[in-house]
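J.: One letter stands for each residue in the lines below.
2 protein chains.
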Amino acid sequence: MQNVDSLIQARWLVTVDPQDNVFENYSVVIDNGKITDILPTAKALISYKANNNYQRHSHVLMPGLINSHTHTPMSLFRGLADDLPLHEWLTRHIWPAEQKWVSPEFVKDGAELAIAEMLKSGTTCFNDMYFYSDVIARSSVKTGIRAVIGLIVLEFPTIWAQTPDEYISKGVAIHDEYKSSARISTAWAPHAPYTVSDKSLAKIRTLADELEIPLHIHLHETRQEIEDAFKDTGGRPFARLDSLGLLGPGLIAVHMTQLTTDEMQIGAANNINVVHCPASNMKLASGFCPVVELLDAGVNVSLGTDGCASNNNLDLFGEMKLAALLAKVHMLDAKVLAAPQVLRMATINGAKALGLESKIGSIELGKEADLITLDMTEAGAMPVYNPVSHLVYSTSHSQVTDVWVAGKILLKQHELMTIDLAEIAEKAYVWSNKISI
Amino acid sequence: MQNVDSLIQARWLVTVDPQDNVFENYSVVIDNGKITDILPTAKALISYKANNNYQRHSHVLMPGLINSHTHTPMSLFRGLADDLPLHEWLTRHIWPAEQKWVSPEFVKDGAELAIAEMLKSGTTCFNDMYFYSDVIARSSVKTGIRAVIGLIVLEFPTIWAQTPDEYISKGVAIHDEYKSSARISTAWAPHAPYTVSDKSLAKIRTLADELEIPLHIHLHETRQEIEDAFKDTGGRPFARLDSLGLLGPGLIAVHMTQLTTDEMQIGAANNINVVHCPASNMKLASGFCPVVELLDAGVNVSLGTDGCASNNNLDLFGEMKLAALLAKVHMLDAKVLAAPQVLRMATINGAKALGLESKIGSIELGKEADLITLDMTEAGAMPVYNPVSHLVYSTSHSQVTDVWVAGKILLKQHELMTIDLAEIAEKAYVWSNKISI
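Chains as they are written, first to last, in my numbering: chain V, -11 to 425; chain X, -11 to 425.
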């Protein structure tokens, strides 16, 4: 009998490994934060003596979900302005609210509310873009979640910085602070082509190469963006990023509802990553990201919720179902974007986009133990014929019972271990009372 | 102080009355199963002495949701065959499975699993269509939910009946058994234009008038249905139903993804009811029901989940969000189908479709006390700016804490009072083991 940190026994093990293996009555062994064995439970029980033995006999055990696009502090704006088009929503509601309320305290309280929601719904890693990202990084460290912290850049002054150079130097400082962190990494996050100049984008591109981190940007979100770009620059934003050398395996392009066949092929040839945010694109009536065509062209497509003000949740289980349903009705073909592909978008494809595929995104030997379990005995989850299909079409975030990040348990039988939800509720209540005046 | 059965105190009272009133710190008084007062909690506490005093101080209190289209026993086929187009799904998977497995026991166990899921997700009334509807009626009586039991008719023999006349005589018998029931009513349920003859439809139409009950039918679900109808009958099914005199305020037409402007206007002029099932239409790639145009034309549109095999849930909170998001991206207009309208589709519009608007669908004096409460302190539900918008865009079924039907509590602090969920889980497990072989 070998001594190990933890043993998780499950009814179904959904690995999302390269063969999409699903095993029954299997266990995962965790030692020093990593997955050290994957084997039948009967064998595990005679091979290992674990300090923590988790028996989850009516549960699915799977990789933690990866949210490829968030603005976590915006959880405090959840439901502030609904049923409005993007431009009006952004310029008349969200930007004025941000200008008035965003502060380090706002960012801390909003990020922690968001992290609580993400952990409770099975998300173990998020790719963020917001002001005061140093505060978001500290909240991530404190709560134990894995995060890619966006180093935001805008051409105009905000409460976070006055000039592009100041945004960039603050970003470099945050990168340096976390460069040897196990769970926190960074990505450049120039907001969008229409809010960042060529000069700044070129500088960021060079810095992304030097620091070997991704470049996370909103791109081709709406038709309006393309039309405005033609007026302002004479061409499409995608071509502009191409000419600036931004298209590459480090590019995380979010939304992408407006794409030509040529752009999809150029994107595939350059190994760019696309993040699909179906709820946000639908709610703001931005359009349809051509997910099926992108995947067929060989582009890596992952899933994001976007911020809470345009979704209005950070629940990747809801987002998986929505992605599958939207693709089918958009293509008028029920076979497209089948469940195993959708599950990959919310796990391993997210890991690839973030440059973390060697560490997370699937249950494989040697990877970090970022894992979740789901109880399959909820009324809305029974019976189970095919666990993968179930995870996409029937599963609710409320079935998530346990969450581990790097082998540490952060949610245990539905209870958050590192976050005081009552304290967060009180803070959210105080913020909403101020903001709604 | 007046003695009454129950007093429910809530932080927010969402009435769905004709003025869409939302009140804060309000209470609802229940006596003899009916809503007898609606007033500020401060006043309620000095006016009434209640046998049951429910304090739900961080909750929304609202009308129970109405699911306008279900096939409840199909919960046992949840996830049996996914990622398939309607025709292949129906003819190669669902119909063979039904032929092999449907029995009174199957229907009882499936209906009770479905009722458990519906109660736990805040649904207090459903409009069903399936075989052995006598069994479904008995399960509804036993569990306390409100139901409109579909009297199914098909032209071909099944395990339930051999001839159209036998289907009809069985339907009349079930209608007679429940005609004085407080919570169970009936509707004729000819399956679809392509599975029922003109002669049978004409007979059902006469009987619906005589018995004063609605007529519930799948209509214009797919483009294929229209094309096949042209081949078989030389015209569109809608025109055929019109010529048979079926278009009227008793018609509950489900799906309706294929409609001309003329058909929408004729439907409006005849006061027909349309049931929108967004998840099912998306998952089976059936198409887009023109909800916004129908509502603009004055047609009553309500919401349904369809059966569990094509959704794969019976969760109307998910369905509300989906309906709103789908309409916005389909019309490329973020303002359409705003939250208050969507909430009406899942409540009062459902009541209208079922001919029950004088009894249920809103919180108004004299109506039946079909009510639900939702806890707004879940991580994914905070903060609350606008409770109606929250119910559509952020709320999860897991927030439903309590459910009353006709004043009787059926779910209390998340616990089912009339259903043994562990027993149902065991039965679902046994069925799935048989069915998946």
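Take these hints with a grain of salt, some might be off.
Copies of one chain are not kept apart here, so a pair can be met inside one copy or by any two copies together.
Claimed, not checked - Using 30 Å as the maximum straight-line C-alpha spacing, the simulated DSSO-like pairs for lysine-lysine come out as follows:
| hint | residue 1 | residue 2 |
| --- | --- | --- |
| 1 | 323 | 88 |
| 2 | 22 | 158 |
| 3 | 219 | 422 |
| 4 | 88 | 22 |
| 5 | 88 | 355 |
| 6 | 323 | 400 |
| 7 | 422 | 323 |
FYI, nobody ran anything at the bench for these hints, they're computed from the structure. Bear in mind the structure is a predicted one, so any value in this text is a computation, not a measurement.
J.: It remains to establish, for every hint, whether it holds in the given structure.
T.: Hints, verified against the model:
1. In this assembly of identical chains, the alpha carbons of residue 323 and residue 88 lie at most 30 Å apart only when taken from different copies (25 Å versus 47 Å within one copy).
2. Within a single copy, residue 22 and residue 158 get their C-alpha atoms no closer than 33 Å, and across copies no closer than 62 Å, so neither meets the 30 Å cut-off.
3. Within a single copy, residue 219 and residue 422 get their C-alpha atoms no closer than 39 Å, and across copies no closer than 64 Å, so neither meets the 30 Å cut-off.
4. Taking identical chains as interchangeable, the C-alpha atoms of residue 88 and residue 22 are never at most 30 Å apart, the minima being 44 Å within one chain and 47 Å between chains.
5. For the identical chains of this complex, residue 88 and residue 355 are neighbours neither inside a copy (43 Å) nor across copies (45 Å), given an alpha-carbon limit of 30 Å.
6. Neither within a single protomer nor between protomers do residue 323 and residue 400 lie at most 30 Å apart by alpha-carbon distance, with minima of 37 Å and 41 Å respectively.
7. Taking the shortest Cα distances, residue 422 and residue 323 sit within 30 Å of each other only across copies (26 Å), while inside one copy they are farther apart (48 Å).
Hints 2, 3, 4, 5, 6, counting from the list given before, are not met by this structure.
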